[in-house]
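Engineer: For reference, the chains in residue letters:
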Amino acid sequence: MERLARWVRKYAWPILGITLFLTLLFLWKLQSIHFEDDVTKYVPESDPEVSFYNTLEEKFSGFQKKSMIVALEFDDLFTPEHLALLQNVVEKIENLPVVQKVTALTNMPEILTTEYGIEVREVVEALPKSQEEARALRERLVGNDLVWGKIVTPDGRGTIVVVSFFDNVDQGQAIRDVTETVRGEIPPDVQVTFFGARIIMEEMSKDAQRNMRLLTPVAGGVLLAILWFGFRSIRGMLLPIFVALLSALWAMGVAVFLGKSFTVISASLPVLLLALVSAYGIHFINRYYEERKVAEGKEAVERALQGVFLPILMSALTTMGGFLSLLTAEIRPVSDFGLYAALGVLFGMVLSTFSLGAFYTVFPIRYVPHHLEHSGENGGDYFHRFLRFLSHSLLHRKRAVVLFLVAVTGILCVGIPRIHVETTIRMQMGAEHPITKLVEYFKNRFGSTDYNYLCITTENIREPFVLREMIRIAQYLKRFQNFQEPSSLASFLLDLNEAIEGWRAIPLEEEKINNLWFFVNDNEYLKGRMTEDGRETFIEFKARETTSAELREELKKARAFLESRPKRVKRVPLETAEAREFLAKTIIEDLALFGVSLPREKAHAVVLEFLEKPWQEFIRKDDQFVQRIVQDARLEIEDLGLEEEAVQVALVESLAGNLPLPRVLEEQLGLDAESAEYLGSVLETSLERVAKRVKVETLREKLEELSGVRFEKSCDFALYEVLDEAVYLEAEDGDITVAYRITGTPIIANHINEMLFSQQAKSMFLALVIVFGLLVLQLLSLRRASIAMVPILLTVVTSFGVMGWFRIPLNVATLMVASIAIGAGIDYAIHFTARWYREVAQNPGTRALQATFTNTGRGILLNALGVAGGLYVLALSRIHMLRIFGSLVATVLLIGVFYTFLALALLLHLEEYLGNNKAQQRGNV
Amino acid sequence: MKRGIALVFLVLFLFVAGRVFALTASEILDEMEARRTQFTTQKTVGRIVLVDASGKEETREMVMYSKDEGEDKVSIIFRFLSPADVKGVTLLSLRNGEKIYLYMPAYKKVRLIAGSSKSEKFMGTDFSYDDLSGGYGKEDYESTLKGEDDTNYYLELIPKKADSKYGKLDMTVDKEKFYFKKIDFFDTAGNLWKTLEVHEVREREDGSIQILKLSLKDVKENHATIMEVSSIEEDIPLPDDFFSVRTIQRPTL
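First to last, the protein sequences are chains Y and H. So that you can map any letter, position 155 of the first sequence is 155 in the working numbering, and since no number is skipped, the others follow by simple counting. So that you can map any letter, position 161 of the second sequence is 161 in the working numbering, and since no number is skipped, the others follow by simple counting.
So here's chain Y without its partners, still in its complex pose (with noise of 0.2 Å):
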């Protein structure tokens, strides 16, 4: 230690030097600071969830591509002018160079079946010339699903644009260039916001360093008053924070060397910093001070320096235990917190030791501070007699004592399983930010904002099993809040076959599944969401906010459903019994997904008959159902100039005589043979459309009325499945294999919830192991260091008991309490029990207990008042879990040190009194 300090002495230019070096670098490097809070990277890429959930951006085009989203709102969306408007910005949008594509109201593509076929058109054609035609498609649009509430609002005075940007673009540029696009269209009088995941991203990080900028001038301005009122000198005011403050500053430049991003719980780390590494510099100007009263300016520095040097570094080294202990989290932002923290403890103890070694012999003090000379040890202020009183309290009340303390623990054993995990933005950054508002914004006026996805994967996605599975699946999963509005290919194959043959059922022919795949090959959004080789695809859900539990128990109900569904499948055609029963089993079942209650064996009895009655069977011959055969067939009517009606009147008669119907197009219509044949085969083909509807009508209305309720028209899916001519059965020789996986943002998240409680219970283990080696080896008893760590084990069950009690959520910040109290709160155990083993050495029991609180009660009671009063300035910060995170820190800390001096004081003294009965009773022998 002599060496140490001779060497501090000898070299204290260079080390001023080096350090002035180092910080100026880091200073330099800190401007390249960056902040990523974006949840699927919180935990590392190698996590199965998290890998999982990457590889689907490089799978699918249309995954999460690079987008942003703008509002806006206007007294009413539904005047020419603000639809204007709004189509002027789309179209400024468009041209952007970095914008792949924009969907708005204004563009929107719909599908619309009529009676001549397929209609795809825009939502809005044309923009309304008069007020009049505004209200007119104000009017048409309230009964869109897929345009009221969530491209328009329900009130009809907001609209979002949806902007995607090209792939290789950079996204903040892009947005910026949006931004500022919009910006330049839009008057005053209309209210735009910009929304996005980057977006939140980038608000998030600046309100972070917002946080940094403004709380740490405060925690040092609260350290500079504990300061001055400990020491009454600039030179002891300043260094302490400055030190703690170059601490911060240097492990945030490691830190920016390494290439590492930040997180808003980083931006409490100049503030937490400031609390605990303050003290280490306070400590050497204490002795120094002390020394200098008794020595010249250097020599002083060398006495300081071989008294404090080795307590301030196994407080730091404790410290540090607590910090690292969180790099056994998985979750990116707790260990690099945990990292980052450990580091600035260990540049805080460097600094307060080498640097202000140095600084001291450079630059040594002429004078003590008179209120120092004369700091006795027993001074008279209020510390001092409050400490008193509890030294004589526990001495006199020790059952009082004992009871109170179990009586404590007991209440907050309680409370701990009442620990809840949330990682809501509301939670996070609390109900008044911004952001929170933003996202609810959001989600209150145009539904959520994030998204679910099931992912498939099978040999072939155009199988009508897979698309058939994928239609009941989104069925089932509708029910819960985190799987709402499902879209796929298998919908949009669902919405074409309607346009295309009438009914919403996902055709059984894979030549039918061929050609509306042409469609599908035709859109580069429906592309998007296949792999190319054809083997995988997704369901995306819009995921309303939950909380943790009801997502976990949704997850919960959703995993067990996949699990029940059919992995394994073969096609057989329908020709058994057996198959016929699997089926009619099936449309009940399927019936029941879309909420149809029947009768099972009534039910199960009429769609067996359905089953095996041919379509044949339902041809009618009255006008209604010859006018619909003409219906179908009306284009290819209109192609050749004939009248409807005559081709009506022809056909009536064909089917009334039994006639062959080329013989009388021909007779009654005077077609050529060629036109009547081909008019004879399109109308066939419209008899054999209209028989097979007709036969599903009439199921429709047996079961409507077994069930006594009439069937929504989605309930077409599991209808028209009577017309199937095969089944595909679960079998182990199945050449139909699917799997199925859910992942999204909102289930990373949740998977980071459930890592919350297993890392915090790694994490805090570790801290303890470290912290009792660490005890271990100072106080060189196992005994000892068992009492030692007594306090810090009634402050985990502390930390824990408030959590659960005040219904604290535990988070990402949260989750590092506990070890941050074992940490940090183990250097007053270690003051006070070394002070206690010296006092006792010395003095009878009673004595020495009162000397160890008034001399280093006194000393613990200061330091953690200022810890606390630096961490509880983050209770001013903005973000809401950085405020609970210092509050609860704070609290803790302070809890922390009425444990070392109730818990500790009595267990040391009791330990003293039963080593001295053991004497005297060896004595009495």
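Hints in this document: simulated from the structure, not taken from any laboratory. All residues carry an ideal CB built from backbone N, CA and C; glycine is no exception. Please note that the accuracy of each hint is not assured.
Said to hold, decoys possible - Reference excerpt, derived from the structure (chain H facing chain Y, CB under 10 Å, subset only): (1) 53; (2) 108; (3) 159; (4) 234; (5) 249.
As the list claims (entries may be wrong) - Distance windows between CB atoms, simulated: (6) Y/133 - H/195: 36 to 44 Å; (7) H/230 - Y/733: 39 to 47 Å; (8) H/239 - Y/612: 55 to 63 Å.
Said to hold, decoys possible - DSS-like mimics (lysine-lysine), calculated; alpha carbons at most 27 Å apart, straight line: (9) Y/101 - H/146; (10) H/73 - Y/101; (11) H/177 - Y/101; (12) H/56 - H/67; (13) H/161 - Y/66; (14) H/168 - Y/101; (15) Y/527 - H/99; (16) H/108 - Y/129.
For this one, chain Y is given, so just place chain H on it according to the hints.
Structural biologist: Coordinates of chain H only, in the frame set by chain Y:
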């Protein structure tokens, strides 16, 4: 001195003569129009290669019948011959897409695809119906000659229609054969959008030019379409009602 004066006159003459004998942009477009293959009906067999952003190619064989309806309007029947999943899917586009019908053989059904914009993509390619109508005449474009070299003219065409999706076209025209070798299409903000390149042509005896292979790259989407013609028959006899819903339902056209 005299020699000096003569030289000045010679230079002036060459300069003025150059100006007098050089073609204007409008004349170049007229010459291109004159060199365009003139036909009433045409049958083209070939293949389309779609190249996506990752470079993956998908080849579709096709047969296309077209008819010049006059007034720059073309009617088209377009059928895919392969691969199996699109085989038989047939499109009927009447008068530059005024009405578009699609026949899907598995459904035995023709559907009118109404309201499709002429600026929409044609059958999954990078071509729009407008692009396919082909002509770049002075009726539709303001043209300026921006430069020339030994082999090419460089024209700038500005669409006359206010609702055109293109802001301008930069066209490279072959000086000898008067066909466009390359056209860069720019959006209304002035950003490059598509590049059309002609890779292979055939000059017929009458001097008209048939394009045999061309590619269109959508720079924004990073997607390309290559069209290769394997055979062309012109002025083939087709019945009056050939371009009809009925025709596209036939197994063989």
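Engineer: If a hint holds in the structure, say so; if it doesn't, say that too.
Structural biologist: Hint check:
{"no.": "1", "hint": "53", "in the structure": "holds (7 Å)"}
{"no.": "2", "hint": "108", "in the structure": "holds (5 Å)"}
{"no.": "3", "hint": "159", "in the structure": "violated (15 Å)"}
{"no.": "4", "hint": "234", "in the structure": "violated (27 Å)"}
{"no.": "5", "hint": "249", "in the structure": "holds (8 Å)"}
{"no.": "6", "hint": "Y/133 - H/195: 36 to 44 Å", "in the structure": "holds (40 Å)"}
{"no.": "7", "hint": "H/230 - Y/733: 39 to 47 Å", "in the structure": "holds (45 Å)"}
{"no.": "8", "hint": "H/239 - Y/612: 55 to 63 Å", "in the structure": "violated (47 Å)"}
{"no.": "9", "hint": "Y/101 - H/146", "in the structure": "violated (32 Å)"}
{"no.": "10", "hint": "H/73 - Y/101", "in the structure": "violated (30 Å)"}
{"no.": "11", "hint": "H/177 - Y/101", "in the structure": "violated (39 Å)"}
{"no.": "12", "hint": "H/56 - H/67", "in the structure": "violated (33 Å)"}
{"no.": "13", "hint": "H/161 - Y/66", "in the structure": "violated (33 Å)"}
{"no.": "14", "hint": "H/168 - Y/101", "in the structure": "holds (21 Å)"}
{"no.": "15", "hint": "Y/527 - H/99", "in the structure": "holds (26 Å)"}
{"no.": "16", "hint": "H/108 - Y/129", "in the structure": "violated (42 Å)"}
Hints 3, 4, 8, 9, 10, 11, 12, 13, 16 from the earlier list are contradicted by this structure; the remaining hints agree with it.
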